[in-house]
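Number of protein chains: 2
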Amino acid sequence: MSTQPTRMGLQLRSLVKPDGELEISLLGVATPDPAPDEVVVRIEGTPINPSDIGLLFGAADISTARVSGTPASPVVTAQIPARLMKGMAGRLGQSLPVGNEGAGVVVAAGSSAAAQALLGRTVAAVGGAMYAQYRCIKADQCLVLPEGTTPAEGASCFVNPLTSLGMTETMRREGHKALVHTAAASNLGQMLNRICIKDKIDLVNIVRKPEQAAILKNIGAKYVCDTSSPAFLEELTQALADTGATIAFDATGGGKLAGQILTCMEAALNRNAKEYSRYGSTTHKQVYLYGSLDTGPTEFVRNFGMAWGIGGWLLFPFLQRIGASAAQALRQRVVAELKTTFASSYSKEISLAEALQPEAIAVYCQRATGTKYLINPNKAVST
Amino acid sequence: MSTQPTRMGLQLRSLVKPDGELEISLLGVATPDPAPDEVVVRIEGTPINPSDIGLLFGAADISTARVSGTPASPVVTAQIPARLMKGMAGRLGQSLPVGNEGAGVVVAAGSSAAAQALLGRTVAAVGGAMYAQYRCIKADQCLVLPEGTTPAEGASCFVNPLTSLGMTETMRREGHKALVHTAAASNLGQMLNRICIKDKIDLVNIVRKPEQAAILKNIGAKYVCDTSSPAFLEELTQALADTGATIAFDATGGGKLAGQILTCMEAALNRNAKEYSRYGSTTHKQVYLYGSLDTGPTEFVRNFGMAWGIGGWLLFPFLQRIGASAAQALRQRVVAELKTTFASSYSKEISLAEALQPEAIAVYCQRATGTKYLINPNKAVST
Numbered sequence: 009m010s011t012q013p014t015r016m017g018l019q020l021r022s023l024v025k026p027d028g029e030l031e032i033s034l035l036g037v038a039t040p041d042p043a044p045d046e047v048v049v050r051i052e053g054t055p056i057n058p059s060d061i062g063l064l065f066g067a068a069d070i071s072t073a074r075v076s077g078t079p080a081s082p083v084v085t086a087q088i089p090a091r092l093m094k095g096m097a098g099r100l101g102q103s104l105p106v107g108n109e110g111a112g113v114v115v116a117a118g119s120s121a122a123a124q125a126l127l128g129r130t131v132a133a134v135g136g137a138m139y140a141q142y143r144c145i146k147a148d149q150c151l152v153l154p155e156g157t158t159p160a161e162g163a164s165c166f167v168n169p170l171t172s173l174g175m176t177e178t179m180r181r182e183g184h185k186a187l188v189h190t191a192a193a194s195n196l197g198q199m200l201n202r203i204c205i206k207d208k209i210d211l212v213n214i215v216r217k218p219e220q221a222a223i224l225k226n227i228g229a230k231y232v233c234d235t236s237s238p239a240f241l242e243e244l245t246q247a248l249a250d251t252g253a254t255i256a257f258d259a260t261g262g263g264k265l266a267g268q269i270l271t272c273m274e275a276a277l278n279r280n281a282k283e284y285s286r287y288g289s290t291t292h293k294q295v296y297l298y299g300s301l302d303t304g305p306t307e308f309v310r311n312f313g314m315a316w317g318i319g320g321w322l323l324f325p326f327l328q329r330i331g332a333s334a335a336q337a338l339r340q341r342v343v344a345e346l347k348t349t350f351a352s353s354y355s356k357e358i359s360l361a362e363a364l365q366p367e368a369i370a371v372y373c374q375r376a377t378g379t380k381y382l383i384n385p386n387k388a389v390s391t
Numbered sequence: 009m010s011t012q013p014t015r016m017g018l019q020l021r022s023l024v025k026p027d028g029e030l031e032i033s034l035l036g037v038a039t040p041d042p043a044p045d046e047v048v049v050r051i052e053g054t055p056i057n058p059s060d061i062g063l064l065f066g067a068a069d070i071s072t073a074r075v076s077g078t079p080a081s082p083v084v085t086a087q088i089p090a091r092l093m094k095g096m097a098g099r100l101g102q103s104l105p106v107g108n109e110g111a112g113v114v115v116a117a118g119s120s121a122a123a124q125a126l127l128g129r130t131v132a133a134v135g136g137a138m139y140a141q142y143r144c145i146k147a148d149q150c151l152v153l154p155e156g157t158t159p160a161e162g163a164s165c166f167v168n169p170l171t172s173l174g175m176t177e178t179m180r181r182e183g184h185k186a187l188v189h190t191a192a193a194s195n196l197g198q199m200l201n202r203i204c205i206k207d208k209i210d211l212v213n214i215v216r217k218p219e220q221a222a223i224l225k226n227i228g229a230k231y232v233c234d235t236s237s238p239a240f241l242e243e244l245t246q247a248l249a250d251t252g253a254t255i256a257f258d259a260t261g262g263g264k265l266a267g268q269i270l271t272c273m274e275a276a277l278n279r280n281a282k283e284y285s286r287y288g289s290t291t292h293k294q295v296y297l298y299g300s301l302d303t304g305p306t307e308f309v310r311n312f313g314m315a316w317g318i319g320g321w322l323l324f325p326f327l328q329r330i331g332a333s334a335a336q337a338l339r340q341r342v343v344a345e346l347k348t349t350f351a352s353s354y355s356k357e358i359s360l361a362e363a364l365q366p367e368a369i370a371v372y373c374q375r376a377t378g379t380k381y382l383i384n385p386n387k388a389v390s391t
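Chains B and Y, in that order, give the protein sequences. Numbers given in the numbering used here equal positions in the first sequence, counted from 1, plus 8. Numbers given in the numbering used here equal positions in the second sequence, counted from 1, plus 8.
Okay, chain B solo, but in the shape it has when bound (with noise of 0.2 angstroms):
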């Protein structure tokens, strides 16, 4: 057991109260002392993903932010449109912290052996509440990093890895041979055509602008499409045609994408087919919807058949249902892969009072490629 004096520590908080106003603000907070199976993990390093995003701001206009309080802590408040608070009425009035997924050093440790060994060892962790300078978390929860890796490195070890990597095993595990990826610039869209690369995987690359692009190219993506291109539904198709990809992962959600998509698979497969069939292609097309970066209604046009899906994808159930040893097994491959497939880059590093300055936030709430920050809660603290 350590026998340390209580900790205390900032950690950022995220509530909607009942007259629609959104309040983040950082809280002086004692961390727990950790149970016997518990380790404080002193968060250094801890990334700001889309998904964290949505917690931290619910469904707040970001335009109407405005920041009070102290530069050392600072209150943001923004307005939450009429509208949309119904969507609000499950976290009203909880004081919410933030943060899937961090690295850091284990500062203290619980008596069980499991506990202790991990004391002075950097680890990542995932489980919520890591803007924070200490997270109580279980040691079971702790994957610890390789000697020479920094928290920076370890920061975004879950979240956008396992994401990326779940993806080509949904693909595997569901009879598919090569996939469709949209927003395809992305951080973790990166990661993934690294692992197709290494995989020898077909990945069809959607992106929005000739940059992005670009960028794919440079990293030796052999298929791109680039929706600003007036040709953009053939050169789907011819993709589609080419790689046979049959499931694709869109982090856009909204709009005509997801069935566009569609559309241009069942294009590509028809292109072979022998007769017709006023049902079309009897291959199941899939697109799963993992994010929401178009937050409009999705719409599409039934003009593929009646073999196809659309549907959610998240994570975590997805590890639930792959079960307990083949989640350990994407894992392992994150940690022996880190530097190289699963690295991640950050645009800047802050501390937890500048994510609540105004120019920052205009800058992460984009979710814009080359617009990634990773928070070090103790920047201001150690250094």
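In case anyone wonders, no lab produced these hints; they're calculated from the structure. Hints may contain errors.
[To be verified] With a Cα cut of at most 27 angstroms, we get these calculated DSSO-like pairs of lysine-lysine:
{"no.": "1", "chain 1": "B", "residue 1": "Lys282", "chain 2": "Y", "residue 2": "Lys146"}
{"no.": "2", "chain 1": "B", "residue 1": "Lys94", "chain 2": "B", "residue 2": "Lys25"}
{"no.": "3", "chain 1": "B", "residue 1": "Lys264", "chain 2": "Y", "residue 2": "Lys94"}
{"no.": "4", "chain 1": "Y", "residue 1": "Lys264", "chain 2": "B", "residue 2": "Lys94"}
{"no.": "5", "chain 1": "B", "residue 1": "Lys146", "chain 2": "Y", "residue 2": "Lys282"}
{"no.": "6", "chain 1": "Y", "residue 1": "Lys282", "chain 2": "B", "residue 2": "Lys25"}
{"no.": "7", "chain 1": "B", "residue 1": "Lys282", "chain 2": "Y", "residue 2": "Lys94"}
{"no.": "8", "chain 1": "Y", "residue 1": "Lys282", "chain 2": "B", "residue 2": "Lys94"}
{"no.": "9", "chain 1": "B", "residue 1": "Lys208", "chain 2": "B", "residue 2": "Lys185"}
{"no.": "10", "chain 1": "B", "residue 1": "Lys230", "chain 2": "B", "residue 2": "Lys208"}
{"no.": "11", "chain 1": "Y", "residue 1": "Lys356", "chain 2": "Y", "residue 2": "Lys217"}
{"no.": "12", "chain 1": "Y", "residue 1": "Lys25", "chain 2": "B", "residue 2": "Lys282"}
{"no.": "13", "chain 1": "B", "residue 1": "Lys387", "chain 2": "B", "residue 2": "Lys146"}
{"no.": "14", "chain 1": "Y", "residue 1": "Lys264", "chain 2": "B", "residue 2": "Lys264"}
Starting from the known structure of chain B, arrange chain Y on it as the hints suggest.
For chain Y alone, coordinates are given in the frame of chain B:
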């Protein structure tokens, strides 16, 4: 081997020409001599199902339908809008026979014992080309109807009975305990109600009008929600909460209904949620689109978490998926309950030539409740 002379018979054909004209006509065709394992059925009842109308009229604009030819041999032409011709590419220039299912009397049989055993029997069959006076078909595709069953009573043995049984079977196999059905006052919807009442399954019926709600209430439906009610969404949510239904079969396809069902399912599930999750309920919610009464785009707002799916559902792939013996068990149940649970009703019995008259087309193409027609291809000949 039968040694009868070649038998001529009328067969309905649908042809899409490259210039965008649809042509429906009656052809005099020679009925093939049955191979050893085949029989010739004199078709006396074959329903006009929504799935038949799709093949019959393709993407043609019904309002442009014109009839020429003679009363005994009419020819219907109609125009297909240019923007929809892409979807017709697979059938261009092919004169296609129509009619998924039907029933009649076996008037000739091949030499095999199985075929000979059917001579003179009243059978039902599925396999296309039933809008014809004679249909040569494999003996093992025929279902022998019990003594005392007329072809009219057996005409709809397959599509609606197996589709409605397929729905409750899919519900069970995918782990749901109650289901939702739209266009619920249809022949199929009433049949599904009889199955669910008999099997003690909770069924939420969605209809468009008070008259349709009354039809269902009259046959004992407990949960009926009318989209024309101002409180439709609240009423649907309440029915979903009462029944725990998390799977729906939607015949409309287009519009917002599929998404609204998912939204209300999520709202019903969240009534009992203990903890906030920004990813929504972990219970999988599924809507299968099995029809396309609304041919417009499908649109949904993603406010139902991440555990959801929308997809196509089609009878024959379903039967293949469950395997021959499970499919056979479903067929046996249909025969056993043909005059009760699986009874179909028709507003009119018409000949092949009458099916090509403008007044008839205007009625059955509505696909509306109470407008179902039965074709008796031997009506004019045999009476």
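Mind listing which of the numbered hints don't hold for this structure, in increasing order?
-> none
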